[in-house]
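Undergrad: Residue 265 is where the sequence shown ends in my numbering, and the numbering goes up by one at each step.
Don't take every hint at face value.
Cβ-Cβ distance ranges computed for the label pairs, FRET-style [said to hold, decoys possible]:
1. R120 <-> S246: 33 to 41 Å
2. S246 <-> L137: 33 to 41 Å
3. R93 <-> E175: 16 to 24 Å
4. R120 <-> G233: 19 to 27 Å
5. E207 <-> E115: 21 to 29 Å
6. S135 <-> G220: 21 to 29 Å
7. R214 <-> A127: 22 to 30 Å
8. E90 <-> R237: 36 to 44 Å
9. Q179 <-> A104: 33 to 41 Å
Hints are computed from structural coordinates only; laboratory data are not their basis. For glycine and all other residues, C-beta sits at the position ideal for the given N, C-alpha and C.
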Amino acid sequence: MELVDRRRGVLSDRGIVSRVPSHRIEHWAPEDWRAYRAVRLRSLAESPDAFASTLEAEGGRSDEEWEARVSAGATSELDLPLSLRHGDDVVGLAWGKVLPNEPDSAHLFQMWVAPECRGQGLGAEMLARVIAWATDLGAARLVLGVTEGDTPARRLYEGAGFRAYGDLEPLRPGSAVRSQKMLLELSAHGPEENRTPPGRREWPRL
């Protein structure tokens with residue numbers, strides 16, 4: 060699978076094995092905001108219980124807000140906004156982010172693969188790219204939230220070495236669906252006993 064950064068050219072695949080060469084992972088560019096909006100809204104419609112945000116909330120955003128989000132992420136060294144593409148179609152996305160006040164923790168948001176592309180290892184390849192990026196930035200851990208239960212997403216993260224921490228929490232205010240925080244300790248940062256998991260916070264709804 061080719062990993063493409065439109066700002067820097069073709070990237071090293073960091074040891075990720077391509078099982079589906081017809082697909083590629085690209086960084087979003089500022090001018091891609093309409094394609095990003097389309098796949099983001101599709102993900103929220105198809106998997107409403109996978110995300111803290113909702114189709115209603117995101118669908119109400121203006122063109123200017125979508126454009127500003129993608130432009131900011133595409134030009135920031137603290138963001139890794141990824142698209143999964145098959146030909147001209149965008150069939151998945153993921154967004155890695157480091158919050159300025161938490162430089163030791165990278166976060167994974169918006170992870171989603173279209174139903175017609177699941178079961179091919181594509182989510183694992185996007186996850187591997189985010190892990191490599193977070194490691195290169197010097198983050199001590201990668202943090203995410205996943206819906207409670209024995210789901211394919213939960214199994215994907217556990218298979219990559221993530222572990223659950225903290226209490227289950229409502230996916231969003233008023234929701235009966237619960238979310239589990241998970242983290243991956245990144246190997247370049249010493250023994251696990253010297254590491255501290257991030258505290259409770261309100262995560263950005265990217």
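Undergrad: Evaluate each hint against the coordinates.
TA: Now the hints, each set against the structure:
1. R120 <-> S246: 33 to 41 Å: Given range 33 to 41 Å: holds, Cβ gap about 38 Å.
2. S246 <-> L137: 33 to 41 Å: violated (21 Å)
3. R93 <-> E175: 16 to 24 Å: holds (21 Å)
4. R120 <-> G233: 19 to 27 Å: holds (21 Å)
5. E207 <-> E115: 21 to 29 Å: Roughly 22 Å apart at Cβ, these two residues keep to the hinted range, so it holds.
6. S135 <-> G220: 21 to 29 Å: At roughly 26 Å between Cβ atoms, G220 and S135 fall inside 21 to 29 Å, so the hint holds.
7. R214 <-> A127: 22 to 30 Å: violated (35 Å)
8. E90 <-> R237: 36 to 44 Å: Since the Cβ atoms of E90 and R237 sit about 38 Å apart, the hinted range of 36 to 44 Å holds.
9. Q179 <-> A104: 33 to 41 Å: Violated, since Q179 and A104 (Cβ atoms, about 22 Å apart) do not stay within the stated range.
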